[in-house]
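Colleague: Take the given structure of chain A and dock chain B to it, following the hints.
From first to last, the protein sequence lines stand for chains A and B.
Read left to right, the first sequence gives residues 78 to 253 (our numbering).
Read left to right, the second sequence gives residues 78 to 253 (our numbering).
Honestly, the hints are just simulated from the structure, not real lab data.
Be a bit skeptical, because a hint or two may be false.
Identical chains blur together in the list; that is why a pair holds if it fits in one copy or across any two.
[As the list claims (entries may be wrong)] Derived lysine to any residue pairs resembling SDA-like cross-links, with alpha carbons at most 20 Å apart:
| hint | residue 1 | residue 2 |
| --- | --- | --- |
| 1 | Lys180 | Glu132 |
| 2 | Lys224 | Gln108 |
| 3 | Lys180 | Leu136 |
| 4 | Lys150 | Asp123 |
| 5 | Lys232 | Gly212 |
| 6 | Lys150 | Arg125 |
| 7 | Lys206 | His231 |
| 8 | Lys180 | Ala243 |
| 9 | Lys242 | Gly183 |
| 10 | Lys156 | Thr244 |
| 11 | Lys116 | Lys206 |
| 12 | Lys242 | Phe182 |
| 13 | Lys232 | Ala181 |
| 14 | Lys232 | Phe182 |
All values reported here derive from a predicted model rather than from experimental measurement.
There are 2 protein chains.
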Amino acid sequence: MKRMAFWLVAVTTLAGVVAFTAPAPGPADQQAAPVFGIKIYPGYRDWRLVSVAHEEGNLNDIRAILGNDLAIKAYRAGKLPFPDGTVIARLAWTYVASEENNKAFGRNQSFVPGPRPEWYLQFMVKDSKKYATTGGWGFAQFDKDGKPADEAMHKTCFPCHEPAKATDIVFTRYAP
Amino acid sequence: MKRMAFWLVAVTTLAGVVAFTAPAPGPADQQAAPVFGIKIYPGYRDWRLVSVAHEEGNLNDIRAILGNDLAIKAYRAGKLPFPDGTVIARLAWTYVASEENNKAFGRNQSFVPGPRPEWYLQFMVKDSKKYATTGGWGFAQFDKDGKPADEAMHKTCFPCHEPAKATDIVFTRYAP
Numbered sequence: 078m079k080r081m082a083f084w085l086v087a088v089t090t091l092a093g094v095v096a097f098t099a100p101a102p103g104p105a106d107q108q109a110a111p112v113f114g115i116k117i118y119p120g121y122r123d124w125r126l127v128s129v130a131h132e133e134g135n136l137n138d139i140r141a142i143l144g145n146d147l148a149i150k151a152y153r154a155g156k157l158p159f160p161d162g163t164v165i166a167r168l169a170w171t172y173v174a175s176e177e178n179n180k181a182f183g184r185n186q187s188f189v190p191g192p193r194p195e196w197y198l199q200f201m202v203k204d205s206k207k208y209a210t211t212g213g214w215g216f217a218q219f220d221k222d223g224k225p226a227d228e229a230m231h232k233t234c235f236p237c238h239e240p241a242k243a244t245d246i247v248f249t250r251y252a253p
Numbered sequence: 078m079k080r081m082a083f084w085l086v087a088v089t090t091l092a093g094v095v096a097f098t099a100p101a102p103g104p105a106d107q108q109a110a111p112v113f114g115i116k117i118y119p120g121y122r123d124w125r126l127v128s129v130a131h132e133e134g135n136l137n138d139i140r141a142i143l144g145n146d147l148a149i150k151a152y153r154a155g156k157l158p159f160p161d162g163t164v165i166a167r168l169a170w171t172y173v174a175s176e177e178n179n180k181a182f183g184r185n186q187s188f189v190p191g192p193r194p195e196w197y198l199q200f201m202v203k204d205s206k207k208y209a210t211t212g213g214w215g216f217a218q219f220d221k222d223g224k225p226a227d228e229a230m231h232k233t234c235f236p237c238h239e240p241a242k243a244t245d246i247v248f249t250r251y252a253p
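Excised from the complex, chain A in its bound form (with noise of 0.2 Å):
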């Protein structure tokens, strides 16, 4: 019985720990997007700052931008096209007030983000052969609980990215 609770303490010890750690928000076992088969990429979330931004409107959210070592390089090198292999991440999160913040500031002015919104997370990945017929890039779209949006929702991707053809229709350029 004690080994038992033991046993009990550890694994719940050990799934707490792998829920503050776990980089992705998906099982292992996830579900590719469709139209361009792109997964989550594991440890999306240990990588390098492109950019940040904020969306009002319907989406009304607060987010960053990250890039694998191939995008940051890229960005910082001001290179255009993105080599094969860049995969840059959009992370997105609902857009709040900070009432702690604005009590430190003596006004209200600060916004931070709060639970995931529902379509949390995006990638763009850059295989010039695999994604000939989409500007060279797949589009990636998962919801906050890592299961990928359908695909008409992927369909909308490169029509409307298509008009940022000056920087290899990335709309996020690299914050100085």
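Modeller: Just chain B now, with coordinates in the frame of chain A:
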């Protein structure tokens, strides 16, 4: 003459590469901030993301909070107080509307980083012995060119942070 032209091009190119890739804004022999004696941490721009924020009002900036390895580990483990050696960096950029993004979204909603504001960079450094009289934290603020703020400004940091005692006088939470 040909050789001289080569060197001119080589040096100019090298200067360009350094300007693009150097993570710290100041020179290597840059000045330490007064009161706490903190210098800009080389490589801080490569640190992992803690969170993002937007400040309205006089600041009117959009910011990223990055942490060194100890900071990220402590945040993810939910462990307080932060261990000695923790360093948290706050990078701020001017808050500007993105015309390009707005065109893609079909409405005015998108805000992104512009050039560095006057007070671009701050650090909080945990050293419970060295900074015992200020909650175990040292504070440093640098302008957009890497020049530290004056002594008077550095004396305002701790009194403002002190109310956040429940979170080891750190305001920023980890963005999940």
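Colleague: All hints are to be evaluated individually against the structure, with a verdict given for each.
Modeller: Here's how the hints hold up against the structure:
For the identical chains of this complex, Lys180 and Glu132 are inter-copy neighbours only, at 13 Å across copies versus 24 Å inside a copy, given an alpha-carbon limit of 20 Å. Taking the shortest Cα distances, Lys224 and Gln108 sit within 20 Å of each other inside one copy (7 Å), while across copies they are farther apart (49 Å). Taking CA atoms no more than 20 Å apart as the test, Lys180 paired with Leu136 passes between copies only; the shortest distance there is 15 Å, against 27 Å inside one copy. For the homomeric pair Lys150 and Asp123, the shortest alpha-carbon distances inside one copy (16 Å) and between copies (11 Å) are both at most 20 Å.
For a Cα distance limit of 20 Å, the shortest separation of Lys232 from Gly212 inside one copy, 13 Å, qualifies, whereas the shortest one across copies, 52 Å, does not. When the C-alpha separation of Lys150 and Arg125 is checked against a cutoff of 20 Å, the pair qualifies both within a copy, at 10 Å, and between copies, at 16 Å. Taking the shortest alpha-carbon separations for Lys206 and His231, only the intra-copy value of 19 Å comes in at or below 20 Å, while the best inter-copy value is 54 Å. In the homo-oligomer, the alpha carbons of Lys180 and Ala243 lie at most 20 Å apart only across protomers (15 Å), although the nearest pairing inside one protomer, at 44 Å, exceeds that limit.
Proximity of Lys242 to Gly183 under the C-alpha cut-off of 20 Å is restricted to the inter-copy arrangement: shortest distance 17 Å between copies versus 44 Å within a copy. Proximity of Lys156 to Thr244 under the C-alpha cut-off of 20 Å is restricted to the intra-copy arrangement: shortest distance 10 Å within a copy versus 42 Å between copies. In this homomeric assembly, Lys116 and Lys206 come within 20 Å of each other (Cα to Cα) only inside a single copy, at 18 Å, whereas the closest approach across copies is 46 Å. Proximity of Lys242 and Phe182 under a CA criterion of 20 Å is satisfied inter-copy only: 16 Å between copies versus 42 Å inside one chain copy.
In this homomeric assembly, Lys232 and Ala181 come within 20 Å of each other (Cα to Cα) only across copies, at 15 Å, whereas the closest approach inside a single copy is 45 Å. Proximity of Lys232 and Phe182 under a CA criterion of 20 Å is satisfied inter-copy only: 16 Å between copies versus 44 Å inside one chain copy.
The earlier numbered hints are all upheld by this structure, with none contradicted.
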